[in-house]
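Could you build all of it, start to finish, from the sequences and the hints given here?
For the record, in the sequence shown the residue sitting at position 175 is 175 according to this note's numbering, with numbers rising by one throughout.
Heads up, some of the hints might be wrong.
Calculated lysine-lysine pairs in the DSBU-like style (CA-CA distance at most 30 Å, straight line) [as the list claims (entries may be wrong)]:
| hint | residue 1 | residue 2 |
| --- | --- | --- |
| 1 | Lys67 | Lys37 |
| 2 | Lys67 | Lys197 |
| 3 | Lys197 | Lys37 |
Derived from the structure by calculation, the hints contain no laboratory data.
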Amino acid sequence: MAPARGAGANDAGHETTATSLCWVFHRILRRPDVLEKLRAELARVVGTGPVRPEHVPALEYLDATIKETLRLNPIIPIVGRRLRTAMRLGNVDLPAGVIAAPCIYLTHRRPDAWPDPERFDPDRFVGQRVSPYAFFPFGGGIRRCLGMAFALYEMRVVTAEVLQRVVLRAAPGYQVRVVRRGITFAPSDGLPVLAEKRAA
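Below you can see the structure in the form of structure tokens.
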């Protein structure tokens with residue numbers, strides 16, 4: 001049982017974060033204005049050295065960019081929960097034992113919670129507290145993903161380090177397509193990019 005749980009934790013912790021990072025770079029490379037804001041924030045907060053733990057909380061626009069990516073590209077689009085007791089949802093009575101599965105993908109696109117919901121706009125998250133019922137890429141409540149805080153931290157550090165060290169460009173002619181990969185919804189072909197080392 002322990003090896004199976006360990007393997008599951010590895011899949012959940014590695015594949016989901018790696019896939020999320022692919023989506024972050026996909027979104028950034030399609031929006032030069034967002035990339036420019038991120039570089040300006042990194043220059044102001046980090047300078048030219050490596051990203052250190054004390055820098056991470058100050059990278060507000062980077063955090064907002066990652067969250068907006070997770071809003072539009074939730075890695076796991078549905079989270080199912082078995083009801084312990086009967087409940088009423090709207091006009092529907094659900095018996096105990098039924099599996100209720102809120103759709104993260106659709107919730108993150110509700111126009112009443114997200115004006116112009118298909119538009120990628122990191123500013124939605126800058127200085128804003130967002131309802132946990134409108135944004136829950138890691139699930140919610142007491143069964144929320146155990147690794148959420150670490151995953152968000154890791155994504156901020158990796159994205160910042162890559163942008164500090166490398167100039168990225170989208171691969172010519174690449175058209176992203178969403179595919180199922182393991183437990184995640186990922187960009188097809190793993191998001192090919194062109195990369196060159198940034199001048200010192």
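Results of checking the hints against the structure:
1. Between Lys67 and Lys37 the alpha-carbon distance is near 15 Å, which keeps this suggested pair within the 30 Å criterion.
2. Restraint check for Lys67 and Lys197: satisfied, since their Cα atoms lie roughly 27 Å apart, inside the 30 Å limit.
3. Between Lys197 and Lys37 the CA atoms are separated by roughly 20 Å; this keeps the pair inside 30 Å, and the hint holds.
Every hint from the earlier list agrees with this structure, and none is contradicted.
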